[in-house]
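Q: What follows is each chain in one-letter form.
There are 4 protein chains.
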Amino acid sequence: MNDTPDLAFAQKILAAQPFSVLLGTRLTAFGAGAATLELDDRAELRQQYGYVHGGVIAYVAENAMAFAAGTEPGDRPLTAGFTIDYVRPAGGALLRARARVVRHGRALAVCRCDVASVGGDGTETLCAVAQGTISFAPPAGSGRA
Amino acid sequence: MNDTPDLAFAQKILAAQPFSVLLGTRLTAFGAGAATLELDDRAELRQQYGYVHGGVIAYVAENAMAFAAGTEPGDRPLTAGFTIDYVRPAGGALLRARARVVRHGRALAVCRCDVASVGGDGTETLCAVAQGTISFAPPAGSGRA
Amino acid sequence: MNDTPDLAFAQKILAAQPFSVLLGTRLTAFGAGAATLELDDRAELRQQYGYVHGGVIAYVAENAMAFAAGTEPGDRPLTAGFTIDYVRPAGGALLRARARVVRHGRALAVCRCDVASVGGDGTETLCAVAQGTISFAPPAGSGRA
Amino acid sequence: MNDTPDLAFAQKILAAQPFSVLLGTRLTAFGAGAATLELDDRAELRQQYGYVHGGVIAYVAENAMAFAAGTEPGDRPLTAGFTIDYVRPAGGALLRARARVVRHGRALAVCRCDVASVGGDGTETLCAVAQGTISFAPPAGSGRA
Numbered sequence: 001m002n003d004t005p006d007l008a009f010a011q012k013i014l015a016a017q018p019f020s021v022l023l024g025t026r027l028t029a030f031g032a033g034a035a036t037l038e039l040d041d042r043a044e045l046r047q048q049y050g051y052v053h054g055g056v057i058a059y060v061a062e063n064a065m066a067f068a069a070g071t072e073p074g075d076r077p078l079t080a081g082f083t084i085d086y087v088r089p090a091g092g093a094l095l096r097a098r099a100r101v102v103r104h105g106r107a108l109a110v111c112r113c114d115v116a117s118v119g120g121d122g123t124e125t126l127c128a129v130a131q132g133t134i135s136f137a138p139p140a141g142s143g144r145a
Numbered sequence: 001m002n003d004t005p006d007l008a009f010a011q012k013i014l015a016a017q018p019f020s021v022l023l024g025t026r027l028t029a030f031g032a033g034a035a036t037l038e039l040d041d042r043a044e045l046r047q048q049y050g051y052v053h054g055g056v057i058a059y060v061a062e063n064a065m066a067f068a069a070g071t072e073p074g075d076r077p078l079t080a081g082f083t084i085d086y087v088r089p090a091g092g093a094l095l096r097a098r099a100r101v102v103r104h105g106r107a108l109a110v111c112r113c114d115v116a117s118v119g120g121d122g123t124e125t126l127c128a129v130a131q132g133t134i135s136f137a138p139p140a141g142s143g144r145a
Numbered sequence: 001m002n003d004t005p006d007l008a009f010a011q012k013i014l015a016a017q018p019f020s021v022l023l024g025t026r027l028t029a030f031g032a033g034a035a036t037l038e039l040d041d042r043a044e045l046r047q048q049y050g051y052v053h054g055g056v057i058a059y060v061a062e063n064a065m066a067f068a069a070g071t072e073p074g075d076r077p078l079t080a081g082f083t084i085d086y087v088r089p090a091g092g093a094l095l096r097a098r099a100r101v102v103r104h105g106r107a108l109a110v111c112r113c114d115v116a117s118v119g120g121d122g123t124e125t126l127c128a129v130a131q132g133t134i135s136f137a138p139p140a141g142s143g144r145a
Numbered sequence: 001m002n003d004t005p006d007l008a009f010a011q012k013i014l015a016a017q018p019f020s021v022l023l024g025t026r027l028t029a030f031g032a033g034a035a036t037l038e039l040d041d042r043a044e045l046r047q048q049y050g051y052v053h054g055g056v057i058a059y060v061a062e063n064a065m066a067f068a069a070g071t072e073p074g075d076r077p078l079t080a081g082f083t084i085d086y087v088r089p090a091g092g093a094l095l096r097a098r099a100r101v102v103r104h105g106r107a108l109a110v111c112r113c114d115v116a117s118v119g120g121d122g123t124e125t126l127c128a129v130a131q132g133t134i135s136f137a138p139p140a141g142s143g144r145a
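Residue numbers (this note's numbering), protein chains in the order written: chain P, 1 to 145; chain S, 1 to 145; chain W, 1 to 145; chain Y, 1 to 145.
Everything labelled a hint here was simulated from the structure, so no lab data went into it.
Watch out, some of these pointers could steer you wrong.
Identical copies carry no separate label here, and so any pair may be met within one copy or between two of them.
[To be verified] List time: in silico SDA-like cross-link candidates among lysine to any residue, alpha-carbon distance up to 25 Å: (1) K12 / P73; (2) K12 / R42; (3) K12 / R100; (4) K12 / D121; (5) K12 / L126; (6) K12 / P89; (7) K12 / G91.
Take these sequences, add in the hints, and give me the full structure.
A: As structure tokens, this is what we get:
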């Protein structure tokens, strides 16, 4: 892709991720080095104490950072690795992950992400922070979201 | 819990995680500072290139480290944070995450985890490595797996 | 310490770190969940290509996050762990690390830090970003800055 | 460099790092995807409680992983980022960092490192574990150790 990808294009990529479809993830913002993913808190996404499972939070942070890195034209983004720190248990109506590119280099982009639980009244409560490295690979078919 | 938890006890905890049930995760080894989780590679766990989604790999690594930290008697383990680096795309018959405690302190345990894809013939191929910190909280009900 | 520590108090702690004295680190801001450390770029802090050694950058990020976590009254902060991603080679007149607390919990604080090289004209160029977890330990004498 | 680098070659690189000379770091093993660095515990490497400063431990882990990644012929290794978790305060006669490559890809290598304090009798006590990503850049002169 040589053109700057837009929200509709990126939403098609998300729809092509069966795991994101399984979880019900939505891409609600995309562009200028930033991306926002949301998913509703459902019973099947929880752990044994009734909160959203840490693995779901890690998934949405990783995916949001990969989308943020994909807002510029160029090769397809593949997550090389990331770190996440959990700061509060996550509950509420939905999870929102806001990622942004800190530095977009030739071979790697470094991103940060905040994951918040959003209450029924729209109030956000920070539940995790992440930092990750995204690599760029040629369009050939051997990668990871 | 003041007794050393055993495999059957830990399998009940896993079964009480709706998200792990959704993904079909199995706990196949548990004890002496180590735990192994497995889940079958299914179409709905993949990303847009046909490999297991990086979020699934992060989930299984995080969960395996939390279980490894829970092999000793004491307060319930809650993941404080972790890092994962992806080294190869994951495919094959199943994913296997082997976690072990590097150091179990009073308030925190540090763990490492290797995630491999396992082929139909049982061959393992390393696909990700992780390192995490697990905290311990009183049995009260406000935590994360 | 039960009072809110101030800049002068924190500067005494920094002066009590022989390694920070060796490197010439200065604490230039401290309070309200944030801390700034600076150190001059000197020949002996470099690696083989003439840039500031990645180990120096890691040191200043780690130390800045520990100081940020120490801005609230309470037990002494000890770094449990951190992650750093390098985004540009560091040169210039000095290094500046700005850390702030993202979440201050009872047992752990999570912090972020930006490390910039500062040119002779005061221009900042981001060279690394970090995220870390700081634990709190009783005043007894067995810790780490 | 197209030949496999050897210990003597790598020791020259270490000697060309002024910061490593300042700290007195020695490269004691190098080859086959692994490297070991050591440095003596000296008063000027400590923090305010008398232990080795966490920044020194981070430095030696980062540098050991970059050397491990440089054991194969090819472009020069530059650390993209790393994570370190501290598990015990570090004291004793010297620090020893053992790093090894987990996966050496075309553009990135992923490494792990154990840092131990070594007592006067040679006993090792694990004090930190690290995991890092090393990128490879052309021989041109704009990098980081």
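Q: If a hint holds in the structure, say so; if it doesn't, say that too.
A: Right, here's what the structure says about each hint:
no.	hint	verdict
1	K12 / P73	within (16 Å within a copy, 41 Å between copies)
2	K12 / R42	both (23 Å within a copy, 21 Å between copies)
3	K12 / R100	within (20 Å within a copy, 37 Å between copies)
4	K12 / D121	neither (29 Å within a copy, 35 Å between copies)
5	K12 / L126	neither (28 Å within a copy, 30 Å between copies)
6	K12 / P89	between (31 Å within a copy, 21 Å between copies)
7	K12 / G91	between (28 Å within a copy, 23 Å between copies)
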